[in-house]
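J.: Residue numbers (my numbering), protein chains in the order written: chain S, 1 to 466; chain H, 1 to 466.
If you're looking for bench data, these hints aren't it; they were derived computationally from the structure.
Just so we're clear, the structure is a prediction, and the values are computed from it rather than from any experiment.
It is possible that part of the hints are untrue.
[Said to hold, decoys possible] Have a look at the derived ranges for each label pair, beta carbon to beta carbon:
hint	chain 1	residue 1	chain 2	residue 2	range
1	H	E183	S	Q100	39 to 45 Å
2	H	I201	S	S270	27 to 33 Å
3	H	K300	S	K25	41 to 47 Å
4	S	E149	H	E223	28 to 34 Å
5	H	D37	S	I393	52 to 58 Å
For each residue, glycine too, the CB sits at the ideal point set by N, CA and C.
There are 2 protein chains.
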Amino acid sequence: MSDQSTEAEQDRDAREDEAYTLSQKDISAILYAVEIDDAAKLTELMEPLHAADIADLLEQISGYDRSRLIRLYDREFDGEILSELDESIREEVIAILTPQVLAEAVRDMDSDDVVDLVEDLDDTQQAAVLDALEDSDRVAVQQALSYPEYSAGRLMQREVVMAPEHWTVGQAIDYLRATPEEELPDQFYHVIMIDPRLHPIGNVTLGKLMRTKRATRLIDIMEDTFKVFTATQPEADVAYAFNQYHLISAPVVDDEGRLIGVITIDDAMSVLDEEHEEDILRLAGVGEGSLSDRVMETTKQRLPWLAVNLVTAIAASMVISQFEAAIAQLVALAVLMPIVASMGGNAGTQSLTVAVRAIATRDLTGANVWRVIRREVLVGLVNGIIFAVIMGIVGVVWFGSPSLGYVIAAAMVINLVVAGLAGTAIPVILERVGVDPALASGAFVTTVTDVVGFFAFLGLAAAVLL
Amino acid sequence: MSDQSTEAEQDRDAREDEAYTLSQKDISAILYAVEIDDAAKLTELMEPLHAADIADLLEQISGYDRSRLIRLYDREFDGEILSELDESIREEVIAILTPQVLAEAVRDMDSDDVVDLVEDLDDTQQAAVLDALEDSDRVAVQQALSYPEYSAGRLMQREVVMAPEHWTVGQAIDYLRATPEEELPDQFYHVIMIDPRLHPIGNVTLGKLMRTKRATRLIDIMEDTFKVFTATQPEADVAYAFNQYHLISAPVVDDEGRLIGVITIDDAMSVLDEEHEEDILRLAGVGEGSLSDRVMETTKQRLPWLAVNLVTAIAASMVISQFEAAIAQLVALAVLMPIVASMGGNAGTQSLTVAVRAIATRDLTGANVWRVIRREVLVGLVNGIIFAVIMGIVGVVWFGSPSLGYVIAAAMVINLVVAGLAGTAIPVILERVGVDPALASGAFVTTVTDVVGFFAFLGLAAAVLL
Chain S
1 MSDQSTEAEQ DRDAREDEAY TLSQKDISAI LYAVEIDDAA KLTELMEPLH
51 AADIADLLEQ ISGYDRSRLI RLYDREFDGE ILSELDESIR EEVIAILTPQ
101 VLAEAVRDMD SDDVVDLVED LDDTQQAAVL DALEDSDRVA VQQALSYPEY
151 SAGRLMQREV VMAPEHWTVG QAIDYLRATP EEELPDQFYH VIMIDPRLHP
201 IGNVTLGKLM RTKRATRLID IMEDTFKVFT ATQPEADVAY AFNQYHLISA
251 PVVDDEGRLI GVITIDDAMS VLDEEHEEDI LRLAGVGEGS LSDRVMETTK
301 QRLPWLAVNL VTAIAASMVI SQFEAAIAQL VALAVLMPIV ASMGGNAGTQ
351 SLTVAVRAIA TRDLTGANVW RVIRREVLVG LVNGIIFAVI MGIVGVVWFG
401 SPSLGYVIAA AMVINLVVAG LAGTAIPVIL ERVGVDPALA SGAFVTTVTD
451 VVGFFAFLGL AAAVLL
Chain H
1 MSDQSTEAEQ DRDAREDEAY TLSQKDISAI LYAVEIDDAA KLTELMEPLH
51 AADIADLLEQ ISGYDRSRLI RLYDREFDGE ILSELDESIR EEVIAILTPQ
101 VLAEAVRDMD SDDVVDLVED LDDTQQAAVL DALEDSDRVA VQQALSYPEY
151 SAGRLMQREV VMAPEHWTVG QAIDYLRATP EEELPDQFYH VIMIDPRLHP
201 IGNVTLGKLM RTKRATRLID IMEDTFKVFT ATQPEADVAY AFNQYHLISA
251 PVVDDEGRLI GVITIDDAMS VLDEEHEEDI LRLAGVGEGS LSDRVMETTK
301 QRLPWLAVNL VTAIAASMVI SQFEAAIAQL VALAVLMPIV ASMGGNAGTQ
351 SLTVAVRAIA TRDLTGANVW RVIRREVLVG LVNGIIFAVI MGIVGVVWFG
401 SPSLGYVIAA AMVINLVVAG LAGTAIPVIL ERVGVDPALA SGAFVTTVTD
451 VVGFFAFLGL AAAVLL
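So here's chain S without its partners, still in its complex pose:
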């Protein structure tokens, strides 16, 4: 038995080594090099690491180790590491870097990465980074910053590969070969075809371009699926479309429909990832926080939701206080009442999570909202009946009172039906009035299930038992 588990563990460790570039061992070795102030050793250990892994490393070590590591590694510091860093750590790191190193680091970054880097910095740091850029890059970054936050304009890169619609394959290839490296994006997958007014009309993939005869017209080998975004469109729409239509890259246009940039799938993937993160954290009432935030920041992020919950809990207590006399007569009520409320709260959370997710993925729409509400209510009813029977029996066995069993059973059914209804209807209504359902649904649904749970149970008990 112990052999087996050891083998399974080894398997697991081996698998993890394969998947993670950064192992616990690497981290220890790096921290040791920092401790003995061995810059050569540190550089040697950091050399094989990807910028994303270095960023993870910086996030995971303590603030003290972080600042010592950066000072020791200073000269080698790459701009890409900054892009990959979590916001809260990023500001700290930028503050530690010398101006020269910072300038060096940002100078070779793509414009969209610089935008992503500077948009969350405070004004002094933003100015420092912008000053480090060449004039044309600075203008590009400033222009991108003029688009609203979380818009396609902030997400796009300005380096675009385009070709007039009347070109042939041969013309496009010759153009690509003649264009100097620095005018092309680092990575590109499509040539975007434009009409004379600079409006994008279609995509040609590089694979097709390479495999097609030189005389063929580009227009004849265009992709079927083609989506265009405007610079002011929310990045959430962009991420949705990339995911829904399996896009690899897509052009961005200005208000006149002219091509001004391109968004690639890796940017869309990051947005999707952030959206998910946000949804999951908001559902739990955690706000924007990250693991590397400090105690006071984290406390501040968590406090509002706990305050809302306190109001909710006090409202529920007020319902209970209406039945003080009943409880004083029959203390069993106090013992059993949290069960009904807790079951309702959980069933409500189930329904609301499904609804919030379905709204986020655009699967819950006007076309099926009534069917979904009906289903959730019926699910509440069936589960309500099942747990009513169980709790009825528990009530009888525990307290020897069949009527106490009936009361808790009836309250259970009522609360689970209400939970299904509230859990679906509340997020839908919040979305309609323009409030993020992930953020606010939980408090509303819990209030409903607590109040209904206590009221149904204690009210029925007062009417039937006393």
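Please arrange chain H on chain S, whose structure you already have, making use of the hints.
T.: What follows is chain H alone, placed relative to chain S:
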């Protein structure tokens, strides 16, 4: 005021029209065409829609409309729609399609899409789809199915573009132009370089290939970042690496390290999306469900978590029942006790959600676990003190008893500290012993905060007040 809101609504509608290909109006028009049995009109309306949107449409309408629509649209039915459909609906749709239409639909799909399609079907349907394939495709699909579920082998496509490491740019381009279309993948972004033993050694992007002189050796224009996956590696690792290292495509090798397929970013993006979905639903105790499941399926998915919660709630009730005498003496205790438990439950959920996410994104590791636990406990302490003061005052004002205020304040601090500790430590421990923390943490943490909450409040009250 009403003008403003109308304008805002119009803005919102316009934006939604831009983002969604499928509008509420489209759905109504399509359902009307189905109702009047107008196949020509239906085909005309469906023609401009992307397969992913048609799949969404089928998911959102009722079962009755769905089967009528499919029968009317039958001949035009595209394999890609099946790929995009939700599992539960997919089986239903396949059962409605005639064998000829089904055969036609799957025949022009990529091998990885067919795998994705058949892996969840029951045996009869799977056989029907496999029979429809050509021999070579069927062998490919069956081979893919021999890899474990949720592995890189299931995710990859077998069509690969490769070149020997000693080739020049010119040789690679000539090879690409000479290869017949059907042997190449639909979309590809890299040429994978291999050594004589078929081991992949690097990637060359098509953009670079196209822009480089014919005489240059491929090995000199390889990408810096290159990741190789083995066929048996979990797809979650693949998705993580694509996201972490901004990969676009990556080779898959067998146990001997030989190149057998390639995974592209759109597949990785789908996996990432599913992983998130699973995490968020598991955190809420909803299991694998989807919006299109029926009442009984949904009930069954939700029931286990509610059953666990019932056990938890009964455990908490048993704590309360130990203090029946105290409650009988002072009913205010029954009124106030849910507040302490509820605040603890919420604070615990906050901590555990952050921990579960950080484990999933591999940001919470051995390197920082103690620092994170320490932070969560301190956050619990600070928030505990803040809400202790508030509740102490509420206790005094509401019930006119300073000592009741002290008791509830002390219980609040204790429970919020415990919530921070349990909310972080429990998911970390579950992950270490190989249990998915997203699935099981909630029940454990809530049990701890309920039991500690009731015990601390009622216990202190019994000791101090009575």
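J.: Between the beta carbons of E183/H and Q100/S, is the distance compatible with 39 to 45 Å?
T.: The hinted range 39 to 45 Å is violated for E183/H and Q100/S, with Cβ atoms some 52 Å apart.
J.: Return holds or violated for the Cβ distance of D37/H and I393/S against the range 52 to 58 Å.
T.: holds (54 Å)
J.: Mind checking the hinted window 27 to 33 Å against the Cβ distance between I201/H and S270/S?
T.: holds (28 Å)
J.: Does the hinted range 28 to 34 Å hold for E149/S and E223/H at CB?
T.: For E223/H against E149/S, whose Cβ atoms are near 32 Å apart, the range 28 to 34 Å holds.
J.: Please check whether K300/H and K25/S have a Cβ separation lying inside 41 to 47 Å.
T.: Holds, at about 45 Å.
Going down the numbered hints, you'll see the structure goes against just number 1.
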